[in-house]
Each structure stands twice: as structure tokens, then as C-alpha cells.
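For this one, chain W is given, so just place chains D and H on it according to the hints.
Residue strings, one per chain:
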Amino acid sequence: MIIGEGKPINEILEMILKHKKIIVAGCRGCVTVCSAGGQKEVEILSSTIRLAREKDKAPIEIFETTLERQCDTEYLEQMRNYIDEYEAVLSLACGAGVQFLAEMYKKIPLYPAINTNFIGVTEKQGIWSERCQSCGNCMLERTGGICPITRCSKSLLNGPCGGSSDGKCEIDSEIDCAWQIIYERLMELDLMERFEEVEDIKDWSTSRDGGPRRIEREDLKL
Amino acid sequence: MRAQYPASIRIIKVPCTGKVDLIYLLKTFETGADGVYVVGCEEGNCHFVAGNLRARKRVNRVKEIFKQIGLESERIEMFNLSAGEGTKFVKIAEEMTERIKNLGPSPISKKNIGSDNQETVSINSNS
Amino acid sequence: MKTESKLEKLLEKGEFVVTSECGPPRGADADIIRKKGALLKDAVDAVNVTDNQTSVVRMSSISACIILKQMGMEPIMQMVTRDRNRIAIQSDILGAAALGVNNILCLSGDHQKFGDHSSGKNVYDIDSVQLIQTLKLMRDQGRFIGGDEIQGKPAMFIGAAANPFADPFEIRVPRLAKKINAGVQFIQTQCIYNLDRFEKWMEGIRGRGLHEKVHILAGVTPFKSIGMANYMKKMVPGMDVPDEMIERLKSVDKEKRAEEGIKICVETIERLKKIEGVRGIHIMAIEWEEKVHEIAEKAGLLPRPVV
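Chains as they are written, first to last, in our numbering: chain W, 1 to 222; chain D, 1 to 127; chain H, 1 to 307.
Chain W with its partners taken away, still in its complex shape:
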């Protein structure tokens, strides 16, 4: 899923400084699962904002809502009835949700309340880590199911580099060396001969480097 993290509260307060009546909108998708932008975070953020504004003698009225998803027009549409009554929307959705909201409601200022960090997993409660860079051309079948593009700090397709020690990456002793894990996996699967095949220069055109991406499925279009 998409993993996000709340922005520092002062940054948010600064963004909404001039507004007196706003919508704080969460999303029940990925950001709910990673505890960055679900209903609970909407409540906590709204309460925090009210406390801060009360303290500064500049009270603010907040309408709290959490949409099913902010990356689908049908759910964003639900805001149409009341959005005009507010001065701004503070969205706790990922970057995609915030943008889609902006595309739909062109006349109201929109502010992001979270930073969208990566596509990742919940390692355990309270710990998330990155797994996919969405390069658009998956090669996991060749690397024992571990993505070197994402998990090697240098995205080496023919790693490991010379900086790996004790199974950790040179840039941070908390980060596992992806190629150490790939090596271990390939050993376990008895596929080490694959390691010596040179992985060819990658076609990055399916990645962000090829420009903004879109997918069209004729069979699904209405």
C-alpha cells in the first residue's frame, strides 16, 4: 500500500493560518491502514488544530469527514453538497487523493496534511518500510523476490556494491543490504548460477522517467 506520514503540525497551521472554516478530510484507503490519514487521524489532527487556534485566540471551525477513497471521483463527489460552505480543504489522503480532489473542486484551496512516502508494507505495528518503486517492469522473478531497485540504495541491478558489511547497507546500518538478502534467497532456492548472469541495462521508459503514466483498459471502460 501507499505509506504516508503526517506533516509537522506547525507546517499545517502555517498553511491554514488565514482560514476560519475548513474541512479536514481523511481517506479510508491506504493511509487509514498506515495510520496517517484515516478517521482517527482526522479526529486527532482536527482536535490539535482547534487547541492550537484556541490558544492563539483565533478559533477555527472544522468539519471532519473521512471519505471511502480520495482517488475515486464517486467518493469525492460526496463532498459536493457542502464543500462551498468552507474556505479550504485539508486533506489527509496521499498525493494522488489530494490532487484528484483539486482536479474536481477547482475553486477551493487544498492543503496536504500528510507526506506521501512510499509503496510499502507494515513490518509490524508502527513500522513500515518500502518495497516497490513502481518501475513498471517487474523483475522480481530474477532476484529471488527481492527488489534491488527499491531496496538497494543505489538501485544496482548487478549488486552488491563494495560498501556492504555485516549484511547492512553502507548508507545506514539499519538498512539491510538488498543484495545480501537476494544472495541468501538465491542460495536457498538453489539458483546461484543466476547471480553471474549480467542483468541487462534496464529500459526505464516504463518508469516515471518515461513521463507521467496512465493505463487504459478497453474491456473495463463504460
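If you're looking for bench data, these hints aren't it; they were derived computationally from the structure.
Worth double-checking, as some hints may not be accurate.
Footprint (simulated), chain W over chain D, 3 or more residues, beta carbon under 8 Å [said to hold, decoys possible]:
#1 21-34
#2 65-71
#3 96-110
Only pairs whose alpha carbons sit at most 30 Å apart, straight line, appear in this in silico DSSO-like list of lysine-lysine [stated by the list, open to error]:
#4 Lys2(H) - Lys202(W)
#5 Lys67(D) - Lys57(W)
#6 Lys136(H) - Lys9(H)
#7 Lys224(H) - Lys168(W)
#8 Lys40(W) - Lys55(W)
#9 Lys202(W) - Lys136(H)
Quick reminder that beta carbons are idealized off the backbone N, C-alpha and C, glycines included.
Just chains D and H, lined up with the frame of chain W:
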């Protein structure tokens, strides 16, 4: 309990301090409390294993939020106590009341409390 | 013989070669390169020019190579894949070849986190193994990565690095094999302090006959002080400095430690010379270029042959 604790304290009973969510703590301040403290069982003695430990983490999180928005983080505190320690309970109540008195009223306007007197809320899992 | 490289010629002739390293300055002063070059000129056969090493901005490797070339020296242009995409890489290869740079060392480069611009983006469009492939493709097939034909092939002697001390150890021989598969012709190793581990690696190399497919130059770096030894041990990723080395430095008086560092280095070279499959020495005297001549002399590596 026979011992007297300060009258400005309101007690909210919860089955376990692990039930105390971040939003409860924030709402208490929003409605006008000047201070809030959570009294959980002794660490290591939680009937639900880690409820009191979680409560402490949440109290600490509120302290962080307060620091960021410029409210005194001393307005919220976590205490641990075993069920039989009535005297210690009173001591904590007095300590918190004193602390809040020294800090003065919270800058948040009073709502739903119906009184302009200083109020401290004790969220308590002990009976 | 594929190139005009003096290094390649010497190695093909079976000479035991000596190379060294020259870090470009953090400014536009060409005299700094000239001074370093002069110190190395008669001591070694070829000189590596680092490419923004440790991700700190410096004069470009390509320009510093040209300055050395103008002094009649043989530069080895280091190129990292951190800062350039395939367009810039191929363009720089063409440019360097046009100016007479005949040797290249293919590296992935230190992560920018270590440098003075840690907030920058990295590129890593291709990695070091793919850079080797690219050079081979350009030189031998006269093609760009994109497939088009090159008018005027860049003829470079292709090198790469190997670090026998990084983990996992078991992958270090296969990784060299992979670089050989990609087309590498010479290898310069990470600084060797743990000779036992290096010998074990070389055993693995010989076991697969890889020493006959690639020229291996063993890397050494003299210690200037205990501080430097400790820094190398603790701070430099993938560096293996045995405690005995640090103990040995500690055992002599402070003012004699640099001298002891040189002595250790010379002894290391003596031992490396005897290892089957080691075809030369790469002396990396970091900001201590004035000592390279002395080290080479004491290790019996002088005079250098003339091609």
C-alpha cells in the same frame, strides 16, 4: 475511598488505561480541562498485559503535540498505582492540582464544563 | 591488444605494473593536479583520477585526466554511475577517448549521503557492471546502448574495482566473474590490510581460473597515523583493518608512526607480489602522493619499464 482529594478533580473511570486513546486526551483539553492525568496500574501488573504501557506512550505523544503547538506539556501526565494505594492516589491528585494551579488556567476556553474554576481530569483505571 | 593504453601494453607484456591515484582538487586550480602528477610521474605506470570521490564535488575526472595526459602521463579515468545517465556517460566516454584517455575504471560510486550534497538526487541509470558492458559495446561493436552505430569508436582499456572485504564474502568471487562476463580487463582492489582474507579470495579466483581472464592489481594505502587507521576501520564501508595493524602503529612513538605506516605498506606489497594471480600494485596514498615514490622504491618496484 475515604481519603479526600481536591474538589477540582473530575474522575473518569475506564476499564483499563489501555482504552485511553489519544483523541480522548485531546478532547478533554478541548472541552476546557486545565490538566489531565492518567492513573494506570503498576507497570508489569496490567491485567491486559500492556494497557498501561500503551497509555504512557499516548500521554507522551500528547506531550509532544503540546510542545509543538505551544501548550505546556506538564498539563498532562501519566502515573502508575496499585489498587490498594489510596494515600498515594491522594498524593498524586494533590501534586497534579498544585502543578496545574502553578501553570494557571489553560488558554483554551471552557466549554461543556459549566464552571470557570480550574478543573483537572483524572482518568483512572483503579477502583 | 585492443587499445593504445600503455597499461594494457605493459600487462600484456607480462610486466608487474604499478598504478597510483590522484584526487582532483575542490577548485579550478590545474597546478594542484600538476604537482600531484609530478610526484607520481616516475613512480608508477598509470594514475587513477577519482570521480567526485565520497560524493564530494571536485574538478571533473575527465579534465584532471587531460592535465595529466598533457604532462606525458597515463591517466585512468574513474567514472561513477551515480551522477550521469546513459546519455551523459556515453558522451563523456566519447569525449575522453577523443582527448586520448585510454583507460577507464567503472564504478557505481559512493552514495551521495556521504558527500557535501546529500540532498541531491542520484542517477544510477546503469550500474558499474553495465558500465563495463557499455564500454565493451561501444568499443568492440561500435554501438551505443540505444543501438545506433558510433562514428569513431572509443578504444578504452576497461577496468573495474573489486572489494574482497565486503560482505557477503562468498559472493565476492562470483561478482568478479560477473564483471569478467561483462567484459572487464583489469581490476583494482580495495585497500588490502587483511592479507589472509585477500589470499583466501585469490584462492577462490584461481580456483576458477579467473586470474587468467583479468589482470588483478592489488590495492594498498599507507597509514599516516592511528587516527587514519581507526577512521578506515570504523568509518569506511567495506574496509577490513585488523586490530594487529593498529596495535603495531601504537607500539611505536607518535612521530615514527607515519614511517611505520610506510613500512607496513611496503611489507604488504612484498607479500602481495608473491601471490599468484596478482599482476600489479595500486598504491592509493590518500593526500600523501609524495610518499608513493618512496614506497615503490622500498618495495623494489622501481624503475618503471618504458613501453
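Results for each hint:
Counting residues of the segment 21-34 of chain D whose beta carbon lies closer than 8 Å to any beta carbon of chain W gives 7, which meets the minimum of three for the stated coverage. By the rule of at least three residues with a Cβ nearer than 8 Å to a Cβ of chain W, the coverage given for the segment 65-71 of chain D holds, with 5 such residues. Residue count for the segment 96-110 of chain D with a Cβ under 8 Å from a Cβ of chain W: 3. That meets the three needed, and the coverage hint holds. For a cut-off of 30 Å, the pair hint linking Lys2(H) to Lys202(W) stands: about 27 Å separates their Cα positions.
Taken as a hint, the Lys67(D) and Lys57(W) pair is honoured in the structure, with Cα atoms around 18 Å apart against an allowance of 30 Å. For the hint linking Lys136(H) to Lys9(H), the alpha-carbon distance of about 18 Å falls within 30 Å, and the restraint holds. For a cut-off of 30 Å, the pair hint linking Lys224(H) to Lys168(W) stands: about 28 Å separates their Cα positions. At most 30 Å may separate the alpha-carbon atoms for a hinted pair to count; Lys40(W) and Lys55(W) meet this at roughly 23 Å.
With a C-alpha separation of about 17 Å, the suggested pair Lys202(W) and Lys136(H) falls inside the 30 Å cut-off, and the hint holds.
The earlier numbered hints are all upheld by this structure, with none contradicted.
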